[in-house]
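Chemist: The lines below spell out each chain.
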Amino acid sequence: MTMRSFAAFALLLATGLPVLAADTATIPKRPEEIAFEPLAFEPPDAKTFRRTLPDGTVAYLAPAHELPLVTVSITFRGGSSLDPADVPGLASMTARMIREGGTAKRKPAEFDEALDFLATEVGVSANETFTTATMNCLKSNLDESLALFVEMLRTPGFDQDRLVTGKARVLESLKQRNDDAASIIGREWKRLVYGPSHFEGAEPTAATVAAIDRGRLAATHQRIVHPGNAIVAVSGDFEEPAMLAKLAKAFDGWERGASAPAPTPPTATLAPGLYHVPKEIPQGKVLIGSRGITRDDPDAIPLVLLNEILGAGGFTSRLMQKVRSNEGLAYSVRSTLQPKVDYPGDFRAGFESKNATVALATKIVLDEIKAVRDELVTEDELDTAKKSVIETFPRQFESKPQMLRVFVNDEWTKRPADYWKTFRQKVAAVTREDLQRVARKHLDPATMAILVVGDWDEIAKGDLQGRATMKEFFGGAVQHLPLRDPLTLEPLPDDKKAP
Amino acid sequence: MLRFASAVALVLSLVPPALAQKVEVEEFTLPNGMQFLLVPRSDQPNVVSAGWIARVGSVNERPGITGISHFFEHMMFKGTDTIGTRDPDRDGKFRGEQKAIRDEINRLVWTRQYDRFFKGEIDDPWNPANDTQELRVLRARLDALIKAQQGRGEGGPQAGTIVKDEFDQVYTKAGGSGMNAFTTYDLTCYFITVPSNKLELWAWMESDRLHDSVFREFYSERDVVHEERRLRTDSTPTGKFEEQFDSMFWASSGYSWPVIGWPSDLNSYTFEQAQDYWNIYYRPGNLVGIVVGDFDPVRAKQLITNYFARLEPGKTQPPPVVTLEVEQLAEQRMNAVGEVPPAVEIRYHTVPAGHVDSYPLDMLAEILNDRTGRLFKGLVEGRGIAATAQAASDTRKYAGLFAVSAQARGDATPEALEAAWYEELAKLQGEDLPERELRKVKNRVAAQNYRKLESNMSLFVQLAFSEAVLDWREINEGPAKYEAVTAADIRRVANKYFKATNRSVATYRRQAE
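Heads up: the sequence lines are chains G and D, in that order.
If you're matching positions, the first sequence starts at 1 in our numbering and goes up one per residue.
If you're matching positions, the second sequence starts at 1 in our numbering and goes up one per residue.
Hints are not guaranteed to be accurate.
[As the list claims (entries may be wrong)] Think about it this way: if two alpha-carbon atoms lie no more than 27 Å apart in a straight line, the pair counts; the simulated DSSO-like pairs of lysine-lysine are:
no., chain 1, residue 1, chain 2, residue 2
1, D, 173, G, 29
2, D, 315, D, 99
3, G, 29, D, 301
4, G, 363, G, 246
5, G, 139, D, 315
If you're looking for bench data, these hints aren't it; they were derived computationally from the structure.
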């Protein structure tokens with residue numbers, strides 16, 4: 001804002017009737033010439049929002065009165081991490097049936113009608129390490145909604161008919177596993193990176209779905225869903241004392257079990273190489289990467305910045321510029337770093353390109369990974385990445401539910417209390433040399449896998465101009481992985497294998 | 001600011017709830033015709049979601065330039081004479097030379113290659129593998145020019161004039177996030193979230209690109225869009241079928257071609273066509289700016305006035321969309337076989353957004369949907385023949401459709417799913433909806449209207465769609481119209497639109513192994 005337009009602003013406030021004259025003369029030549037007022041932001045302190053219920057359960061409360069809605073979210077530790085080896089998908093099915101199976105008192109249809117009539121939304125889902133139940137209702141019927149929500153969590157009905165329907169519906173979705181190449185590559189990548197016996201790489205089959213019964217659901221529910229394994233988060237239109245009283249009542253007499261154990265790290269290691277899964281589509285899908293780091297790795301912040309520069313920073317990233325903008329080889333190209341709390345996650349770069357240019361795009365991605373190892377990134381690139389991470393930092397706390405999610409996750413995963421307070425200073429302190437050091441340590445093409453889903457006969461040939469073929473990678477030694485039977489995950493015979 | 005006309009009444013009873021939101025929008029129009037909607041709200045401090053819409057989408061296109069609205073969306077990120085180049089004059093020369101060559105390539109393809117294709121000599125007139133010697137030379141020259149302009153060819157980096165993706169870099173450095181755009185049948189929308197103190201940067205960047213976008217990389221960007229088409233349409237199990245079903249469903253309307261365009265058109269757009277499109281649809285009188293978030297409206301208005309006043313009014317008014325959809329006379333069917341689960345989609349022609357019948361039709365979709373909806377009860381649970389089932393009322397600016405779709409469970413056939421829908425439909429046509437069922441759906445629609453306002457970006461998108469298709473005021477006025485729908489209205493529209501002669505049916509079957 002220039003001084004001249006600031007004066008105009010003051011005048012307008014005084015008159016209250018803005019009839020504005022355009023002041024185009026003050027438009028700077030370039031955006032860098034605009035002076036911005038400083039924007040002060042301090043990350044909120046979790047302690048300010050943290051309360052303890054009479055039974056010992058932790059609850060984070062953040063009132064906000066703009067809309068007459070209340071959201072209650074309870075996060076329980078444990079998800080597919082607790083699945084028995086022979087029943088992958090049990091935690092997910094349990095979450096689903098808690099929601100769909102009615103309660104001890106109410107048949108499913110009666111329970112669902114009651115919620116829908118109140119216009120209250122309830123969801124229960126499990127991911128790898130957490131099971132989360134969320135309720136969003138109008139403030140006017142908070143008591144009825146909360147009562148139904150808690151009744152469901154404390155005494156789920158696991159109705160047998162709903163279980164039969166639920167299992168049949170899951171089975172239908174399993175049948176579609178090979179229809180879309182996107183689901184094939186996601187599944188096979190996790191198998192390569194974590195192994196099929198670890199919960200990250202394990203997938204349900206028709207047999208494991210069939211093995212799920214009410215007894216297993218009840219045992220899983222008992223293990224996960226109880227106050228000894230829960231953190232509560234409430235945001236929206238409420239007053240704190242009243243909400244604390246409602247929560248105390250909801251948790252009163254609910255037996256506290258033991259907290260679920262931390263997830264087991266995978267034992268498999270990724271075997272570097274070129275892998276292919278057959279699928280007849282006009283565009284190959286590719287993932288390139290390796291095991292990465294844990295969330296609390298000391299290299300995490302420099303590696304996040306490096307990844308911004310490499311492939312996570314949208315159009316500003318190198319992969320997007322080289323593969324999409326310069327060469328037009330892909331619509332979407334990106335790299336992601338997924339650090340896990342309890343074991344190293346993965347790093348992966350990925351894109352989709354027409355068959356003829358899969359090799360060329362793969363070559364460019366690998367060249368860019370080599371480049372951040374061999375040469376320092378530019379000052380300007382590091383500056384842009386730092387500014388982006390620092391300036392977008394407040395967005396993690398933008399809405400109340402978002403902020404509470406951060407607090408709950410931090411408490412469950414024991415993040416150091418000063419982590420957010422010092423985060424921006426740590427980002428600002430990173431140097432170009434740090435980036436090169438972490439690139440050399442964590443991103444090595446020789447240790448990476450290249451996974452291609454597509455039509456190998458077409459892909460292997462490379463592009464018309466002969467700029468690249470698949471022979472360039474790992475000496476052209478390709479491991480043809482089978483497409484798997486969608487119901488059993490056993491290999492299907494492959495008659496399209498390249499010679 | 002969001003304010004509420006009255007407190008929320010008891011929705012437990014059968015008494016209609018006085019559930020009404022009022023989103024207070026500061027609306028103004030600049031002398032050049034550009035309209036703005038400002039919604040200051042402080043619940044999410046320090047950030048602003050801002051953007052603008054052009055009242056143009058694929059429905060405004062015609063055969064030969066299908067997909068050009070979406071292609072424009074890509075072009076708008078390629079910069080101006082200030083952003084995206086280090087030497088605007090030489091960059092302009094590159095663009096001129098590229099245009100001359102590409103015009104010649106197009107001329108040769110449209111004549112000779114199309115002719116060879118019609119005679120069966122080649123399988124695809126646009127595939128470079130089928131190029132004549134003359135075309136090969138031209139294409140190599142075009143590629144060389146594109147590389148040189150990027151600083152990757154003749155003359156090396158010194159000769160290059162492009163600063164790659166500078167538009168994104170400026171925003172990224174300033175803490176912009178979620179920068180994106182989308183194109184639909186009826187509108188094109190550009191948006192970003194910026195820190196509150198960067199609203200002037202937004203005004204600078206957006207007024208700059210609306211002032212003098214130069215369509216840089218006009219030819220090379222088509223490869224990206226082809227990849228986008230392959231990704232969304234050609235490589236997904238149902239993408240190709242859905243595209244064909246759409247163009248079978250619509251007979252005469254501009255909704256019959258896909259937003260991304262037909263591949264041959266995508267290759268064919270000329271610079272002149274793009275210029276025309278720009279002059280007609282990207283002038284201030286056809287644009288609406290929308291700003292939602294934590295900002296001072298008086299200052300914002302001054303900023304906006306200063307920056308956007310530089311846009312020159314258009315000389316040509318956007319032509320009206322005159323072609324109406326013709327009445328369908330007989331049922332249409334498409335039987336698709338592919339890597340898809342057995343499924344059915346039944347579609348009916350209905351009405352545009354804002355039509356008096358659009359409200360009961362929207363309510364009807366709600367009556368059918370979700371766990372207590374009639375499709376779940378009737379097809380998923382009751383008959384046990386569907387794994388999933390849903391309905392959608394899709395009312396657009398110039399026409400609408402209502403779709404019911406279901407995926408089979410077990411050995412159920414698409415025909416069994418279809419027959420089950422007709423049985424459910426007969427009940428809706430023959431009996432009034434029970435009062436409690438209607439009340440339930442109204443309660444849900446009313447609560448949903450609040451949920452849509454929870455985030456700045458969600459409110460932004462509501463305003464964008466409402467204003468492009470109808471009027472932004474619809475977000476305040478719509479709830480009362482839904483509340484007023486009666487059981488008789490629902491029965492009436494079920495009888496009026498859901499007729500055999502007004503429907504198109506797509507059945508899907510899995511290809512045998």
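Chemist: State for each hint whether it applies.
Modeler: Status of the hints after comparison with the structure:
With a C-alpha separation of about 18 Å, the suggested pairing of residue 173 of chain D with residue 29 of chain G holds against the 27 Å cut-off. Taken as a hint, the residue 315 of chain D and residue 99 of chain D pair is honoured in the structure, with Cα atoms around 25 Å apart against an allowance of 27 Å. Between residue 29 of chain G and residue 301 of chain D the alpha-carbon distance is near 21 Å, which keeps this suggested pair within the 27 Å criterion. Proposed proximity of residue 363 of chain G and residue 246 of chain G is contradicted: the alpha carbons are some 59 Å apart, above 27 Å.
This hinted pair does not check out: residue 139 of chain G and residue 315 of chain D have alpha carbons roughly 52 Å apart, beyond 27 Å.
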